[in-house]
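Take these sequences, add in the hints, and give me the full structure.
Number of protein chains: 2
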Amino acid sequence: MRASDKIVPIREQIAEKLRSDIISGDLAPDTKLNEQHLAARFGVSRGPIRDVLLQLTKEGLLVRKTNVGASVNKTLDPSMQQLMIDIRRRIEFHAARQLKGKLTEDDFEALEGMLNRFKESFEKEDYTDVTKADIDFHKYLVEKAGGEELVNLWYVVVLRMRMNYKRIDTPIAGVAEHRAIIDALRKGQTREAVAALRENIR
Amino acid sequence: MRASDKIVPIREQIAEKLRSDIISGDLAPDTKLNEQHLAARFGVSRGPIRDVLLQLTKEGLLVRKTNVGASVNKTLDPSMQQLMIDIRRRIEFHAARQLKGKLTEDDFEALEGMLNRFKESFEKEDYTDVTKADIDFHKYLVEKAGGEELVNLWYVVVLRMRMNYKRIDTPIAGVAEHRAIIDALRKGQTREAVAALRENIR
DNA sequence: TCATTGTAAATTGTTAACAGCTATTTTAGT
DNA sequence: ACTAAAATAGCTGTTAACAATTTACAATGA
Numbered sequence: 003m004r005a006s007d008k009i010v011p012i013r014e015q016i017a018e019k020l021r022s023d024i025i026s027g028d029l030a031p032d033t034k035l036n037e038q039h040l041a042a043r044f045g046v047s048r049g050p051i052r053d054v055l056l057q058l059t060k061e062g063l064l065v066r067k068t069n070v071g072a073s074v075n076k077t078l079d080p081s082m083q084q085l086m087i088d089i090r091r092r093i094e095f096h097a098a099r100q101l102k103g104k105l106t107e108d109d110f111e112a113l114e115g116m117l118n119r120f121k122e123s124f125e126k127e128d129y130t131d132v133t134k135a136d137i138d139f140h141k142y143l144v145e146k147a148g149g150e151e152l153v154n155l156w157y158v159v160v161l162r163m164r165m166n167y168k169r170i171d172t173p174i175a176g177v178a179e180h181r182a183i184i185d186a187l188r189k190g191q192t193r194e195a196v197a198a199l200r201e202n203i204r
Numbered sequence: 003m004r005a006s007d008k009i010v011p012i013r014e015q016i017a018e019k020l021r022s023d024i025i026s027g028d029l030a031p032d033t034k035l036n037e038q039h040l041a042a043r044f045g046v047s048r049g050p051i052r053d054v055l056l057q058l059t060k061e062g063l064l065v066r067k068t069n070v071g072a073s074v075n076k077t078l079d080p081s082m083q084q085l086m087i088d089i090r091r092r093i094e095f096h097a098a099r100q101l102k103g104k105l106t107e108d109d110f111e112a113l114e115g116m117l118n119r120f121k122e123s124f125e126k127e128d129y130t131d132v133t134k135a136d137i138d139f140h141k142y143l144v145e146k147a148g149g150e151e152l153v154n155l156w157y158v159v160v161l162r163m164r165m166n167y168k169r170i171d172t173p174i175a176g177v178a179e180h181r182a183i184i185d186a187l188r189k190g191q192t193r194e195a196v197a198a199l200r201e202n203i204r
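Protein chains in written order, with the working numbering: chain U, 3 to 204; chain W, 3 to 204.
Calculated directly from the structure, the hints in this document are not laboratory data.
As the structure is a computational prediction, the values presented were derived from the model and not from experiment.
There could be a bad hint or two in this list.
As the list makes no split between identical chains, a pair holds if one copy fits it or if it spans any two.
Okay, derived cross-link-like pairs now, BS3-like style, lysine-lysine, Cα gap no bigger than 30 Å in a straight line [what the hints assert, rightly or not]: (1) K60 x K189; (2) K104 x K67; (3) K102 x K34; (4) K146 x K134; (5) K126 x K168; (6) K121 x K189; (7) K104 x K76; (8) K67 x K146; (9) K146 x K34; (10) K76 x K34.
Right, here's the structure in full:
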């Protein structure tokens with residue numbers, strides 16, 4: 003089975019679209035999400051929609067009140083934001099340490115590809131895709147180190163952090179920072195990789 | 003509305019029962035959870051059951067494969083376990099710092115009550131309830147400091163950690179450790195509270 | 001005028017039937 | 001006896017109808 007043959011459940015596609023809308027700010031905090039409207043919009047029944055709303059609630063992007071419904075969560079206050087940054091760093095530092103000597107040439111090729119996508123999207127001023135490429139880059143490392151389990155935990159933290167940033171906030175410096183991360187990992191320099199990650203995660 | 007009047011959705015009661023079964027080891031890793039059987043057991047249809055399975059999957063207690071079903075997740079390997087401990091400490095240290103000077107006499111009374119329940123359950127050798135009292139104690143602090151949002155993140159980490167322990171692993175030393183946490187918080191000694199928490203979380 | 005009660009519309013929660021997929025078993029062929 | 005294709009049983013995914021709850025609004029009375 004080729005990677006391109008991987009089928010993505012409808013539910014996951016809808017979740018991805020809604021996550022993107024929330025992170026990008028198209029759906030502002032306190033926006034109410036109506037199950038019927040969403041069902042009509044995506045051409046499915048309310049069942050899968052409810053699944054998605056439950057998932058995004060667990061991810062912290064939505065809040066749900068019984069018999070009332072789901073709405074977009076508020077942004078984090080500064081002290082919570084700092085805690086999220088701290089936790090995200092812990093996870094990615096852990097990943098960097100675990101990955102020492104474990105990355106193949108294929109892995110580095112994939113990382114280079116995502117860095118290129120980051121740079122190109124930035125030049126095209128497609129900041130939504132910049133954010134996605136950025137997240138994909140880090141996600142790749144976390145996935146490689148801790149599998150789906152660790153990604154799930156990490157993802158909650160990242161998404162919640164991202165809600166606090168305007169999309170245009172992703173700086174061009176990210177290219178050089180990601181470059182430094184790749185180079186350190188390639189040389190097996192764990193300390194340098196961790197330092198580069200600390201720079202990049204803020 | 004009094005606190006005792008709070009109604010708990012069926013879905014949440016079922017989730018609580020299953021979480022307890024998994025943490026206690028009654029449901030071993032790789033045990034398959036059949037939706038129809040669960041629906042029959044709890045006297046509801048498959049709808050709410052699916053909600054619960056989705057939630058527990060997001061919490062990391064279950065793993066789901068599309069068109070196949072949900073089964074109990076494996077325990078964490080040592081390196082992941084250490085990361086979880088690390089993250090849990092970060093969250094609870096954060097809580098202790100935030101709570102300095104914020105706790106009322108009612109709060110301390112509630113904490114004392116949970117500590118008593120911990121001790122009494124231990125004497126009765128009801129280790130399932132010991133675990134619950136332990137979790138409730140810490141949960142109270144996290145909730146007070148960071149609200150439902152922080153509890154959700156924290157809970158994932160705690161539940162996953164707990165899967166790695168046999169229920170009888172909770173030591174009697176926990177009583178003294180919790181005592182130290184309460185005392186430090188009462189005196190507003192943040193450093194001591196953090197130290198006591200570090201002792202207790204392992 | 002304001003508060004309260006009653007009613008209707010809208011929305012979420014739940015159920016049961018049906019569709020589609022997976023995995024096991026049966027069957028046919030060598 | 002062994003392999004592979006095909007039928008089958010069991011389960012999950014999806015749907016649409018129904019039930020229960022909330023919310024908004026209008027009617028009522030002090």
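Here is how each hint holds up against the structure:
1. K60 x K189: neither (38 Å within a copy, 35 Å between copies)
2. K104 x K67: between (45 Å within a copy, 27 Å between copies)
3. K102 x K34: neither (45 Å within a copy, 35 Å between copies)
4. K146 x K134: Close inside one copy (18 Å), not across copies (34 Å); limit 30 Å.
5. K126 x K168: within (17 Å within a copy, 55 Å between copies)
6. K121 x K189: Result: close within a single copy only, 23 Å intra versus 53 Å inter.
7. K104 x K76: Between copies, since 23 Å is at most 30 Å while 39 Å is not.
8. K67 x K146: Answer is between: at 20 Å across copies they meet the 30 Å cutoff, but 36 Å inside does not.
9. K146 x K34: between (36 Å within a copy, 26 Å between copies)
10. K76 x K34: Only inside one copy: K76 and K34 sit 12 Å apart there, 37 Å across copies, limit 30 Å.
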